[in-house]
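Student: All residue numbers for the sequence shown refer to our numbering, where the first residue is 1 and numbers rise by one.
Quick caveat, the hints were computed from the structure, so don't treat them as lab data.
Any given hint could be a false lead.
What the hints assert, rightly or not - Computed spacing ranges between beta-carbons, pair by pair:
| hint | residue 1 | residue 2 | range |
| --- | --- | --- | --- |
| 1 | 108 | 52 | 16 to 24 Å |
| 2 | 108 | 128 | 33 to 41 Å |
| 3 | 38 | 128 | 27 to 35 Å |
| 4 | 15 | 42 | 24 to 32 Å |
| 5 | 13 | 108 | 19 to 27 Å |
| 6 | 90 | 65 | 17 to 25 Å |
| 7 | 79 | 41 | 36 to 44 Å |
| 8 | 109 | 25 | 24 to 32 Å |
| 9 | 67 | 131 | 36 to 44 Å |
| 10 | 118 | 25 | 25 to 33 Å |
| 11 | 17 | 80 | 34 to 42 Å |
Keep in mind it's a predicted model, so treat the numbers as computed, not measured.
Where a beta carbon is used, it is the ideal one built from N, C-alpha and C, also for glycine.
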Amino acid sequence: MTHIGATGRIQPESDEHAMLRALGERLGVALEPRTLTVPGGLRVEVEGIDAAASVLVQLVANTGTPKSSHRNKAIADMLKLVWLRGVLPTRPRLVICISEPLARFFTPASWPSAAAADMHVDVYIFRPDAPLELLTR
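Please put together the full structure from these sequences, using the hints given.
Tutor: See the structure below:
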């Protein structure tokens, strides 16, 4: 059985909080950070999950110059989400939300975009002053 517990990692004034709120509005669900306990007793934090565990979200916020380490975090987050989809009974929708500077790593011709599409991970770009943009689906 999967257990969901609260986590206080995302602060209300943070970019991550704004990203999570915007995604929740776009997807029509309330999203909150949680710690999941999956079969085998492993504890895994997700940055957003709805009450029905039908949507899982990871956020990659960066306001500075994007680096390969930020791209690598997004890719690692995709792997975590794909793994969680396999162990959760709800088979949730998977979403990565990235800040605008990281969009250069997710162009239509990039392998991370192709991988996200092949693994059925939606990638959204967040801009504080604009609606979310779906990059891959």
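Student: With reference to the structure, classify each hint as holding or not holding.
Tutor: For each hint, the structure was consulted:
1. 108 to 52: 16 to 24 Å: Violated - the Cβ-Cβ distance for residue 108 and residue 52, about 32 Å, lies outside 16 to 24 Å.
2. 108 to 128: 33 to 41 Å: 24 Å, violated
3. 38 to 128: 27 to 35 Å: About 33 Å separates the Cβ atoms of residue 38 and residue 128, which means 27 to 35 Å holds.
4. 15 to 42: 24 to 32 Å: 28 Å, holds
5. 13 to 108: 19 to 27 Å: For residue 108 against residue 13, whose Cβ atoms are near 34 Å apart, the range 19 to 27 Å is violated.
6. 90 to 65: 17 to 25 Å: 38 Å, violated
7. 79 to 41: 36 to 44 Å: About 20 Å separates the Cβ atoms of residue 79 and residue 41, which means 36 to 44 Å is violated.
8. 109 to 25: 24 to 32 Å: For residue 109 and residue 25 the Cβ distance comes to about 30 Å; the hint holds.
9. 67 to 131: 36 to 44 Å: Roughly 26 Å apart at Cβ, these two residues miss the hinted range, so it is violated.
10. 118 to 25: 25 to 33 Å: Holds: the Cβ-Cβ distance is about 28 Å, inside 25 to 33 Å.
11. 17 to 80: 34 to 42 Å: 20 Å, violated
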